[in-house]
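Asks: Can you make the complete structure from the sequences, with help from the hints?
Top line first, the protein sequences correspond to chains R and X.
At position 21 of the first sequence the residue is numbered 21 (this note's numbering), and the sequence of numbers has no breaks.
At position 285 of the second sequence the residue is numbered 603 (this note's numbering), and the sequence of numbers has no breaks.
Hint data in this document are derived by calculation from the structure and do not stem from the laboratory.
This one's a predicted model, so the numbers in the text were calculated from it and none came from an experiment.
Some hints could be false.
[Claimed, not checked] Only part of the chain R face toward chain X is listed, based on derived beta-carbon distances under 7 angstroms:
(1) ARG83
(2) PHE93
(3) ALA113
(4) ILE116
Just so it is clear, CB atoms sit at the ideal spot from N, CA and C, and this is done for glycine as well.
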Amino acid sequence: MSVEPLIVAESISKNFRVSRRTLRAVQRVSFSLQAGETLGLVGESGSGKSTLGRLCLRLLEADEGSVRVGGQDLAKLSPKALREKRKEMQFVFQDPMASLNPRMTVGKAVSDALRIHGIGTKQERLNRVEELFTRVGLSPEIIDVFPFELSGGQQQRVGIARALALRPKLIVCDEPISALDVSIQVQIIELLRDLQKEMNLGYIFISHNLGVVQYLSDYVMVLYLGEVVEYASADDLFEHPSHPYTKVLIESILSVPSSDAGRRELIAIPGEVPSPLSPPSGCPFHPRCKEATDHCRQEKPLLREIASRHQVSCHLYA
Amino acid sequence: MAVVMTNVAATKRKKRSQWGLAFRRYRRNKLAVFGLIWVALFLLIGVIGPYIAPYNYQTANFLAANSPPSLAHIFGTDNLGHDMFSEIIWSVQNALEIAFGATLVSFLIGIVLGMWAGLRGGLADLIIMRLVDSMFAIPTYFLDLILVVSFGRGMGPILLAIGITGWASYARLIRSQVLSMRNSDMVEAARSLGASQTQIAWRYVLPNVMNSMVVALAFGIPGDLTVMAGLSVVGMGLRPPLPSFGNMLAQSGVNVLGYPWLMYFPAIVFAITLLSFLFVADGLQEALNPKG
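Replies: Okay, structure coming up:
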């Protein structure tokens, strides 16, 4: 395609040092995303999805690989240029309360985004904040209210308004609905979708809720212990899940059966996620995989393209 | 429509400050309210004391020396004939200047070094914290004595001596608070907006450590008052005839059986003052940190 992708990640890795041991949080992940598209990152806790989200915005420094946003390599930007670049890319947090300054009114929290970059006069900023509040479904009356006086859903709307304040092109949403009530989750999802259409935003949507990811995403990346196990378009992935892990993940989606005939046994993935400090040999998923062979125990599978834009790392498809 | 509009106008922009809420919590603590009244009185006397004191602190009436409380000298007089009531009033001013001055000196050193250590980390953190450790290792009281002996016994030197020995606990407190915040979502959110280190320090970190700082200050003032009195006990406080609580108490000890009022009045006033500051500090702690 001739259009420059919004974000291109090339083989990024991140290790943490935890009490003298190495934790491989993210290993050689590559993807690209166009404006207006959504990439869903799915995985259990500890799979490195939040770390990957932060690497994409250089909130964490990658150990290897590069991230280009709008054609610029983030790692090559000076601290000042990076701060300027942050206008284009924003982050929505899992816990909205923790991400807001408890000593700042929510209006100030949003206008501070503009203030930091020296945009507009005080009155212009106030107008913009009112406009943003209305857009995300908050009453402008609560501009002078402190975060703790709002409900979780309202706090998350403030978080979204703040992320939108600088008119970004890319927003990383780190489990933006996990901390909310189910009824509120739907509202926030709808809001995110509307905003995407309206402003042609690119989303990297991190979630462990597959249903939401299916609904929102154009592409889905399934992570397991910091490695990509499957990466495909959302339709493809949910219709033809290939990796055994993806299959059990999809089977474990809870849904209300429409009839008695629709009832089925729940299938749980046996075992627990191994510690990322001591990942298993070979394929990281083999201890829990029904189809594991000796080959899986010894050799790590590579990520292979099994169809157009459908990559799987599994020996079954070698 | 009109009805709706007025309703909106009535509720619009209701300013609710956290200080207002904190004050309401503070009011519930009766001891803290009493403490605040006493402290306010103490401050007031500190300012207007010299104008309302019936006698100058240097006025010595030898004919009335060691006289018990009477109408002319409601708190009695000491062995040189100083009016004790006036002495106490003048002492308040000296006590305030030193206590506030010294606490401010320690606080400023503490806040700068603490924020620096917490936000910078690395070598700066290491050096500042070892400095803090060494401050804690040396008995402050003796360091104060050494400093007063080498600087002199004036108001300024004592203030500085108490001030520069007391910063370590502030620095440690601020550093620990900054550290707990440095990797928080809030700071990361500010970073992701593109805020610089300075903007994060001033607009995000500092306002959130301020509560603990106010409480620490309120606890620090009575501490410095005690140190100051302690210096007087060994004869290293303010040089007489400048009156101070420490001097009065130190001198009253020898005559406590014969002229007990020399000890009672200054001791009671000083004790209530210390308690009041502690009550205020305690009340502030409850009011500002409702979560515990």
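Asks: For every hint, state whether the structure bears it out.
Replies: Hints, one by one, checked against the model:
no.: 1; hint: ARG83; result: 4 angstroms, holds
no.: 2; hint: PHE93; result: 5 angstroms, holds
no.: 3; hint: ALA113; result: 5 angstroms, holds
no.: 4; hint: ILE116; result: 5 angstroms, holds
The structure shown violates none of the earlier numbered hints.
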